[in-house]
Structures are given as C-alpha cells and as structure tokens.
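Chains as they are written, first to last, in my numbering: chain P, 1 to 602; chain W, 1 to 419.
Everything labelled a hint here was simulated from the structure, so no lab data went into it.
No experiment lies behind these values; they were computed from the predicted model shown.
In silico SDA-like cross-links for lysine to any residue, where the CA-CA straight-line distance does not exceed 25 Å:
{"hint": "1", "chain 1": "P", "residue 1": "548", "chain 2": "W", "residue 2": "235"}
{"hint": "2", "chain 1": "P", "residue 1": "577", "chain 2": "W", "residue 2": "387"}
{"hint": "3", "chain 1": "P", "residue 1": "557", "chain 2": "W", "residue 2": "22"}
{"hint": "4", "chain 1": "P", "residue 1": "572", "chain 2": "W", "residue 2": "339"}
{"hint": "5", "chain 1": "P", "residue 1": "572", "chain 2": "P", "residue 2": "562"}
{"hint": "6", "chain 1": "W", "residue 1": "132", "chain 2": "W", "residue 2": "269"}
{"hint": "7", "chain 1": "P", "residue 1": "316", "chain 2": "P", "residue 2": "346"}
{"hint": "8", "chain 1": "P", "residue 1": "574", "chain 2": "W", "residue 2": "223"}
{"hint": "9", "chain 1": "P", "residue 1": "557", "chain 2": "W", "residue 2": "241"}
{"hint": "10", "chain 1": "P", "residue 1": "557", "chain 2": "W", "residue 2": "7"}
{"hint": "11", "chain 1": "P", "residue 1": "578", "chain 2": "W", "residue 2": "374"}
{"hint": "12", "chain 1": "P", "residue 1": "578", "chain 2": "W", "residue 2": "414"}
{"hint": "13", "chain 1": "P", "residue 1": "572", "chain 2": "W", "residue 2": "334"}
Estimated spans, in silico, between C-beta atoms of each pair:
{"hint": "14", "chain 1": "P", "residue 1": "312", "chain 2": "W", "residue 2": "62", "range": "44 to 54 Å"}
{"hint": "15", "chain 1": "P", "residue 1": "468", "chain 2": "W", "residue 2": "233", "range": "21 to 31 Å"}
{"hint": "16", "chain 1": "P", "residue 1": "522", "chain 2": "W", "residue 2": "132", "range": "51 to 61 Å"}
{"hint": "17", "chain 1": "W", "residue 1": "304", "chain 2": "P", "residue 2": "271", "range": "58 to 68 Å"}
So the derived list for chain W, only partly shown, Cβ under 8 Å to chain P, looks like this:
{"hint": "18", "residue": "216"}
{"hint": "19", "residue": "243"}
{"hint": "20", "residue": "288"}
{"hint": "21", "residue": "308"}
Just so you know, even glycine gets a beta-carbon here, dropped at the ideal spot from N, CA and C.
Here are the chains, one letter per residue:
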Amino acid sequence: MTRIPTERLRNFCIVAHIDHGKSTIADRLLESTGAVSDREKQDQFLDNMELERERGITIKAQTARLRFRAEDGEEYVLNLIDTPGHVDFSYEVSRALAACEGALLVVDAAQGIEAQTLANAYLAIDANLELVPVVNKIDLPSADPDRVAQEVEDVVGLDAADVLPVSAKTGVGIEALLQAVVDRIPPPQGDSEDRARALVFDSWFDPYVGVVMLVRVVDGRLCARDRILLMMSGGEHDVTQLSVIEPTPRRVDTLEVGEVGLVVAGIKTLSDVRIGDTITLAKRPAEEPLPGFVDVKPMVFSGLYPVEAEDYEDLKAALEKLRLNDSSFGYEPETSAALGFGFRCGFLGFLHAEIIQERLEREYGLDLITTAPTVRYRIVPKEGEAFEIESPSALPEPNEIERIEEPVIQATIHVPSAHLGAVMRLCQDRRGSQRDMQVHGDRVQVRYELPLSEIVTDFHDRLKSATRGYGSFDYDLLGFSAANLVKLDVMVNGDPVDALSLIVHRDKAQGRGAELARKLKEFIPRQQFPVAIQAAVGSRIIARTTVKALRKNVIAKCYGGDISRKRKLLEKQKAGKKRMKMVGAVEIPQEAFLAALKLGDD
Amino acid sequence: MHKTQQEKDVGVYVHVPFCVRICPYCDFAVEAAPELLRDPAAEVFRDREDRTVSALIAELEARRTAFAGRRLSTLYFGGGTPGLLRAESLARIREAVWSAFPPLADAQSPSAPPVEVTLEVNPSTLERDRLKAFAEQAGVNRLSVGVQSFDDSVLKALGRAHGVDEIHRTLQAARSAGFDNLSLDLMFAVLHQTPSMLEADLEAVLAFQPEHVSTYELVHEPGTPFGRAAQSGQLETFDEDGAADMLLRIESVLGEAGYERYELTNFARPGRASRHNQRYWARAPVLAIGPGAHSTDPVAPGRPFGARIGNERSWSVWLERIETGQPLAPGSEEILEAGQALSEAFFLGLRTRAGVSAAGIQTEFGASPRSFYPETVERLMGAGLIVESPAGDLALTSRGRLLADEVAAAFVSPDAIAR
Chain P
1 MTRIPTERLR NFCIVAHIDH GKSTIADRLL ESTGAVSDRE KQDQFLDNME LERERGITIK
61 AQTARLRFRA EDGEEYVLNL IDTPGHVDFS YEVSRALAAC EGALLVVDAA QGIEAQTLAN
121 AYLAIDANLE LVPVVNKIDL PSADPDRVAQ EVEDVVGLDA ADVLPVSAKT GVGIEALLQA
181 VVDRIPPPQG DSEDRARALV FDSWFDPYVG VVMLVRVVDG RLCARDRILL MMSGGEHDVT
241 QLSVIEPTPR RVDTLEVGEV GLVVAGIKTL SDVRIGDTIT LAKRPAEEPL PGFVDVKPMV
301 FSGLYPVEAE DYEDLKAALE KLRLNDSSFG YEPETSAALG FGFRCGFLGF LHAEIIQERL
361 EREYGLDLIT TAPTVRYRIV PKEGEAFEIE SPSALPEPNE IERIEEPVIQ ATIHVPSAHL
421 GAVMRLCQDR RGSQRDMQVH GDRVQVRYEL PLSEIVTDFH DRLKSATRGY GSFDYDLLGF
481 SAANLVKLDV MVNGDPVDAL SLIVHRDKAQ GRGAELARKL KEFIPRQQFP VAIQAAVGSR
541 IIARTTVKAL RKNVIAKCYG GDISRKRKLL EKQKAGKKRM KMVGAVEIPQ EAFLAALKLG
601 DD
Chain W
1 MHKTQQEKDV GVYVHVPFCV RICPYCDFAV EAAPELLRDP AAEVFRDRED RTVSALIAEL
61 EARRTAFAGR RLSTLYFGGG TPGLLRAESL ARIREAVWSA FPPLADAQSP SAPPVEVTLE
121 VNPSTLERDR LKAFAEQAGV NRLSVGVQSF DDSVLKALGR AHGVDEIHRT LQAARSAGFD
181 NLSLDLMFAV LHQTPSMLEA DLEAVLAFQP EHVSTYELVH EPGTPFGRAA QSGQLETFDE
241 DGAADMLLRI ESVLGEAGYE RYELTNFARP GRASRHNQRY WARAPVLAIG PGAHSTDPVA
301 PGRPFGARIG NERSWSVWLE RIETGQPLAP GSEEILEAGQ ALSEAFFLGL RTRAGVSAAG
361 IQTEFGASPR SFYPETVERL MGAGLIVESP AGDLALTSRG RLLADEVAAA FVSPDAIAR
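Between the sequences and the hints, there should be enough to build the whole structure, so can you do that?
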C-alpha cells in the first residue's frame with residue numbers, strides 16, 4: 001500500500017455528552033469508509049465491552065484508521081481517535097485530545113448542549129483543536145437542529161452556519177462530515193527528520209504480546225526493531241511490532257510523523273507504561289519530553305471484601321487481571337475485624353469505582369461487600385510533615401492533628417432553569433459554594449466548588465432525580481482545602497465496627513451517626529442478649545439505639561413429614577449464621593453492612 | 001415408652017387428604033371435597049373414598065416388607081380430615097394394618113398396652129354423627145379434635161368451617177360416645193388474638209378437661225394464601241414478644257392444671273402423651289401411607305441409620321401411581337447418614353421433656369452427647385439454655401424452650417466437623 005503524505009493525514013476525535021451519539025457516528029464513519037464490512041459490523045464497533053454498551057460510556061480509548069477519497073479526488077487517511085467518555089478519565093481524555101488536530105463536537109439535535117458537551121469542548125479548545133460542530137439525530141421527531149446550532153454559536157462560540165446536520169442512524173450528512181474533516185481540520189505538523197517523539201495516549205495489556213501502546217508520532221519516526229526509551233518512566237525496550245488499526249491491526253515497518261498506531265515492545269506490566277509518556281529513540285533521544293504529562297493518583301478509595309471468605313483468592317486474581325488493563329486503579333490487602341480479608345482499592349473517581357465493582361461482580365461472578373467510598377485526605381500533624389491517608393483507619397488521634405485537608409472539586413452543572421433551585425439546595429447540602437452562573441435561554445450553567453467526599457456517594461443520582469434526569473455535570477479537581485472533619489465510629493456492644501468508620505464533616509456527624517445506628521438496628525436480628533449500637537466521635541457517643549434480646553425462636557410443630565424439612569431448615573439457619581460476621585459476640589448479617597454502606601439512598 | 005421397645009415395633013400413619021374446604025394457612029397434602037358440603041352422602045365422593053381406601057391398602061402391602069416381623073404399637077389416621085371417611089372405610093384399613101402387623105398386646109403378652117388408634121376429626125355434623133361407629137367398627141380409641149380456637153372471630157379469620165357451638169357439640173358427643181382419650185388442637189399467636197382472648201381459650205379448654213392438648217403457633221407457610229399475604233405485606237407477623245408471652249402463659253396455666261409439657265407443642269395428663277407422635281421424636285420406625293406421608297424406615301443392611309421416604313403430595317398423582325402399579329415415591333427416599341442422624345437425635349430429643357438420652361446416643365453413635373459437641377454444650381449451658389443431668393442427658397431449660405430453634409441450629413453439625 002502506498003504511503004499517504006502527511007498533508008493528507010487527519011487526526012481527529014469525537015467529543016460529546018453521553019448518549020448524544022458519539023459511538024453511532026463512529027460506526028457510521030467506519031462503515032461508510034469501508035473500514036468495517038457488514039459481516040463483521042457490530043452495532044457499535046468501537047464500544048466493545050458489554051458493560052460499556054449498557055452504560056453508554058467508553059472506558060478504553062480505541063482508534064481506527066479510515067481511508068476516504070475526498071472531493072479533490074485524492075485519498076486521505078483519517079485517524080479517528082476514540083476518547084474515554086466520562087469525568088473520572090479527564091486526564092486520559094486530555095492526552096487523547098493532544099494526539100489530534102481537530103475534534104467533532106457532537107450535540108444531540110433534540111437535547112442540545114449539556115454539561116459534558118461544554119466540558120469536552122473547552123478541553124478541546126484548550127488543546128488547540130479545530131472544532132467541527134455536528135448536530136446529530138436530526139431524524140428524531142423532536143429534533144430542532146436550527147435551535148441547537150444557534151445554541152452552539154451562543155454557548156461555545158462557533159458559527160452556527162458551520163454546524164453540520166447529521167443523522168448517524170440514517171447516514172444523512174456523513175459524507176459531508178468526512179469532507180469537512182478533510183477541509184477544516186489541519187494536517188499534522190512536525191518534521192520527520194527531527195528526533196523522534198511519540199505521545200502514548202492509551203495502553204492495554206494483551207495476553208500474547210504484553211503491553212500494547214497506542215501512540216501518535218509527533219516528531220520524527222518510529223521503526224520496527226528500534227530501541228525506544230520511555231522518557232517519564234525511564235524504561236528502554238525493543239520495538240517488536242508496529243501496526244496501524246484499520247480497525248483490525250495491520251503490521252507496518254514505520255510510523256511516520258503525524259501517524260497514529262500501535263507499538264509493542266515486549267513490556268510485561270502495564271504500570272511500566274504511563275499515559276502521557278513520550279517515546280523517543282534510545283540511541284538518539286529527544287531533548288524534552290512532550291508537555292502535559294501528569295502523574296495521576298487515585299482519589300477515591302473503598303474496601304472490597306468477598307461476601308464468602310473463600311472467594312478471597314478469586315477476588316485477588318480478578319483484581320490482578322483488571323489491573324493488567326487499567327493501571328489507573330490500585331489495590332492492596334486490607335483486613336477488617338468485621339469483614340475479614342479484602343482489599344483497599346483506589347480509583348480515579350466514584351464512577352470509575354462503580355465500573356470496577358460492577359466488572360468484578362459481573363465478569364468475574366464475585367459477590368462483594370464494598371465499604372463506603374472515601375477520598376484521599378491530607379493530614380497536617382502538629383509535629384512532622386504533612387501526609388496523605390487513603391482510609392479512615394489511618395487517621396491519627398485528634399490531639400495529634402493540626403488540621404485535615406480534603407480534596408475539593410469544581411463542578412460544572414448544566415440544568416434547565418426550572419430545576420435550578422433543587423440543584424442549588426443539593427449543592428448547599430453538600431457543602432458547596434457557588435462560583436458563577438450563566439444563563440443560556442432556558443438552561444443554566446452553574447459552577448460550584450464542592451468537597452470531593454460529598455460527591456462520591458450519590459451526588460450524581462441525586463442530581464439526576466432533582467432535575468428529572470435533565471441535569472448533567474462534570475468536574476475538575478482543584479486541590480486540597482482545610483475543613484472541620486472528624487472520624488465517626490460505630491460500635492456494637494462496645495466493639496468498633498471498623499468497616500463502618502467514616503471521616504465526615506463535624507456538622508454532619510450527628511445525622512450520619514444516627515442514620516447508621518438506625519440502619520444497623522433494622523438489619524441486626526435479635527440475639528440472645530441485647531445489642532447496643534452506638535455512633536461515636538472520639539469518646540463522645542453521638543447516637544445510640546438498642547436491639548432488644550431475642551425472646552422466642554421456636555417453630556411450632558414437628559412430626560413425621562416435617563423432620564427432614566426441619567433438619568434442612570436448621571442446616572440453612574446454621575449456614576446463614578456462618579456467613580454472618582462476628583463483631584465481639586454479636587452476629588451481624590451481610591445485609592446490615594450493605595444497608596449501612598448504602599446510607600443516604602432513602 | 002422405652003426406646004428399645006419402640007425400635008422393635010411399628011407405628012402406622014394413614015394420611016387421608018380430603019377436606020370440605022382448605023384452610024388458608026394449611027400446607028399439608030390436602031384435597032378439597034366440596035361435594036360433601038352440599039351432600040354428606042354424595043355419591044361422587046363415595047367413589048373417591050373407595051378408590052383411596054383401596055390404594056392405601058395397596059400401598060401398605062407394598063411397603064410392609066421393610067417393617068416385616070414387627071408388632072403394631074400405634075395407628076394414626078391424620079389428614080386432611082380422615083373423619084370424612086365412613087367408619088367402614090376406616091375399618092377396612094384397620095383390618096389390613098392388623099393383618100400386616102400383629103398388635104403388641106396378645107395372648108403371650110397381655111400386659112402390653114392395646115394399640116393406640118388415633119383419629120383426627122374436625123367439629124362437623126358429619127363426623128359427629130359417626131363418632132360411635134368410628135369407635136365400634138374401626139377401633140378408634142383416641143380422638144384429636146381440630147378445635148383451633150374458642151373464639152368465633154378467630155375461627156372465621158382462620159377460614160375454619162366450624163363455629164364455637166359446633167366445637168362444644170362435638171366434644172360432648174365424643175364423651176357420650178365413650179371416648180376417654182381426647183386431644184384438642186389449639187392455635188395461639190394467631191391474627192388478631194389478644195392476651196384476654198387466649199385466657200378465654202384456656203378457660204374453655206380447662207372447662208372441658210381433655211386428656212391432651214396440642215398448641216400451635218400460626219405460621220405463615222410459604223405457598224399458602226396466608227404465606228402469600230404475609231409476603232406481600234398484607235398479613236402481619238405476630239409480634240415476637242406477644243407470642244412469647246402467650247407461650248409462657250399457656251405453659252403455666254396448663255401446667256398448674258396438671259398437664260405436662262412433654263414436648264414443645266404438646267401437653268398431656270399423666271400417661272396420656274401421644275404414643276404415636278412420640279415415635280417421631282424418638283426416631284422410631286413409622287410406616288406412613290397416603291399422599292404426602294413420610295415413613296421412617298428402620299435400620300437395615302446398607303442403612304445403618306434408617307431412611308426417610310416421602311410420598312408424592314398430589315392425591316391424584318399418588319392414586320394413579322398406585323392404581324397403575326408404578327413405583328411409589330420416586331426420588332424422595334433419603335438414606336440417613338451418621339451426621340444427619342446425630343443432628344436429628346439432638347434436635348428431636350431436645351423437643352421432649354426427657355431430652356437427649358445420653359445412653360441412647362452412646363448406644364447408637366458410640367460416644368456421649370458431650371463428646372460430639374463439647375463446645376456447644378458448654379456455651380449453651382453457660383447461656384442458660386440447656387441443662388445436663390448427672391447421667392449426661394441434655395434437656396432444654398424454660399428459657400431454652402423459648403429459643404429451641406436457636407439451640408437446635410447449634411447441634412446441626414458436630415463441633416469437630418464444624419471447625
């Protein structure tokens with residue numbers, strides 16, 4: 001196959017709010033350029049994980065190289081770079097954007113601009129991308145492409161006349177869209193004779209070849225059998241394979257400047273490769289790595305415990321496997337007196353945490369107890385240096401602490417003006433402070449500064465229900481900020497239930513404590529003695545309740561026909577008791593933990 | 001009754017599934033016979049009755065070999081409502097049982113008690129009119145009357161076909177017919193029952209002076225109308241403390257009146273305990289016939305702890321199997337293993353006043369009760385739930401009787417295996 005000159009290369013991505021049709025457009029582009037034949041076409045080729053399909057979000061970026069004959073009669077290579085579609089992966093998104101010169105900004109013709117549309121548009125603008133606005137789903141009866149085009153002009157500042165009307169479903173406007181990519185998005189810059197620099201914007205683990213890196217060559221070229229250097233992590237490796245994705249990989253001898261492709265270099269562990277790293281040649285390294293690399297740390301943590309203790313090894317194996325393909329989450333063994341052996345896991349954000357938990361349960365068939373998500377706290381002790389903790393149990397005694405700082409985010413919330421009041425109440429309730437507000441027609445965009453800990457549990461669900469599903473939000477991490485935080489402990493008959501300890505704002509300790517005690521009482525069955533449930537901050541009891549002692553447990557009669565049945569019932573009862581967790585002498589069923597950990601759901 | 005004697009003889013249980021109507025809490029194998037509501041002499045029922053009796057006898061013939069050589073100790077007609085069968089039908093069954101197993105008491109051992117023949121009856125005109133014939137033709141010498149409550153509103157809520165007047169007439173008729181061994185079934189912790197309603201029930205029981213009282217708590221069994229109502233939240237579970245108070249009250253009132261709580265749900269005047277039902281708690285052999293009936297087969301080669309055989313529950317399927325000569329009870333035979341037998345010995349033994357016999361456990365399983373459950377016994381004794389006699393027998397304390405299922409669950413598997 002003849003090599004296409006750099007002037008006829010285009011690297012672009014698609015940015016959109018969830019469900020505005022990013023994946024369908026990608027499929028249409030693949031199909032209409034012949035990259036996917038009908039036989040191998042799946043509904044949404046680029047979204048290949050079961051879970052993603054259900055949630056409509058893309059976790060792992062994938063890319064495809066399209067060949068398109070433009071109106072000038074020349075063949076162009078269009079690299080479509082797929083970006084992760086949710087807020088916890090904003091760093092990964094920024095690296096994928098950095099691999100592009102342009103982006104399609106896709107907006108639903110009925111719904112118009114949403115929080116993520118804007119957040120992604122700003123990210124793309126910040127990355128100096130040429131934006132091609134697209135109004136999708138013009139086939140819908142409720143579509144109003146003109147109004148949405150005007151919204152694009154008013155809110156994003158792109159000319160309404162440049163907005164392309166498209167229906168990815170029917171194929172209308174796809175050809176014009178491809179032509180617009182050629183016409184409006186500039187070809188890559190860069191000199192093929194410069195020292196090689198390639199941006200790693202995604203990577204994953206393949207059981208046969210090891211780590212696969214998805215790269216964009218920014219300067220110079222990469223050749224098969226080159227010895228490469230990863231500039232940030234410092235590792236040297238020999239390239240064994242270079243491929244382009246069409247969308248199945250095809251081996252090539254070189255990746256030229258401006259091109260996008262796969263690099264395999266015999267790397268065994270995913271954590272040796274970091275997103276945003278720069279590949280250069282070991283013999284003739286570049287002087288500077290590409291800008292924009294950030295060492296991303298998990299911000300949200302929770303304990304994952306198998307419901308059945310014997311599933312511990314399975315859980316461990318599943319976590320190892322998941323981590324092979326997602327180095328952004330971490331885990332280490334943790335032991336809880338109440339829940340037994342498990343793992344403390346760190347995630348980029350709460351959605352990331354949910355996805356990992358769901359994959360563990362669904363793909364690996366594990367039954368899990370998940371402790372309440374907590375965030376990374378920064379402790380400034382009275383003596384010594386500040387440090388960060390990832391678990392409430394690591395918090396020092398109150399008298400040793402000068403102050404506790406918590407991560408703070410900036411939330412961008414987009415909502416119909418009718419629901420603004422509900423959103424403001426929610427944000428205030430979550431200790432938020434408003435930063436600004438912009439009104440666009442009947443929609444409002446508000447920005448709040450909020451503690452991360454206040455959005456990790458159910459903020460998203462609450463926002464959705466407060467706005468009947470019309471509110472959307474996105475967030476950026478701002479940094480750490482001091483707050484009046486305390487550790488809330490729960491005790492049954494005087495023994496602390498470590499799995500239920502929380503770090504909360506002092507003003508919320510009372511309410512949270514009472515709620516925890518009430519939930520536990522509801523689910524702890526009566527035992528042969530009374531069970532006192534207490535919530536405490538330090539040595540001060542802030543809420544208490546009691547489960548009365550069991551008085552009677554004797555099931556009526558037992559004659560001939562009942563004996564086997566009765567024995568089986570007792571066996572079941574005993575098995576149920578074995579599954580209960582012992583805190584001191586108190587038997588606590590799994591449901592009690594699950595209910596307590598789901599606090600705030602009702 | 002000494003255990004070793006029970007081991008050598010046999011009790012026969014005959015399940016008669018018919019009821020004029022089916023109570024909403026019942027989960028026994030029952031079959032509605034509504035034709036009897038309109039006409040007690042309905043010909044349609046006559047046919048069902050005759051085929052059922054023939055099938056019961058055929059089943060007895062098919063099963064008796066496992067019990068060969070045993071003498072008959074007890075015969076129990078349960079249901080359902082076995083009193084819906086005519087006396088001559090019960091007599092046919094009785095004769096078949098007698099010819100299969102000679103009674104314990106005969107010319108060689110005249111001192112042995114006569115066979116205890118129990119019949120369950122409900123308070124109804126139909127059955128009341130037959131009481132004399134049941135005694136004379138079928139040899140019934142013990143009646144168990146399904147009273148349930150002496151409160152009309154409770155009876156109505158329970159879906160019973162009878163009222164309080166009917167109960168009194170039946171009880172009087174039973175005495176007039178010469179029955180000197182009567183048992184009443186009484187339900188408590190039932191629906192809207194209050195403590196004072198329980199007092200009234202107990203007064204009515206004592207006024208009648210039965211030889212035996214069985215007391216049952218209403219359980220919302222899954223699959224019954226009450227069970228479904230409870231599951232959908234339309235029927236509340238009786239308050240645990242209220243039920244416990246009632247149980248204690250029953251124990252104390254009946255106790256003071258001379259009834260011994262010889263088993264968790266059964267009270268009797270001295271010598272009037274049900275010999276048949278005691279076989280179940282002693283795990284003694286019982287040959288059970290009829291739909292849904294469960295036999296306890298004796299120890300045999302390859303079955304060192306006996307076996308339990310459950311019959312098909314549906315009357316029509318059961319009948320068809322027997323009439324077409326198909327194998328009985330396919331797939332519901334359970335050959336007991338040592339662990340299961342040991343667990344049963346404990347939970348059944350603990351139900352009785354006498355408790356778990358140390359000698360019995362030693363003979364059957366080769367070691368003392370404590371040696372199987374050293375920690376459990378210590379723990380339960382420490383919690384005041386069981387007591388140990390000098391001989392090593394284990395029995396429930398009065399607190400243990402309230403928490404019997406907690407105690408029983410602790411004996412499901414021996415400590416050594418549990419750890």
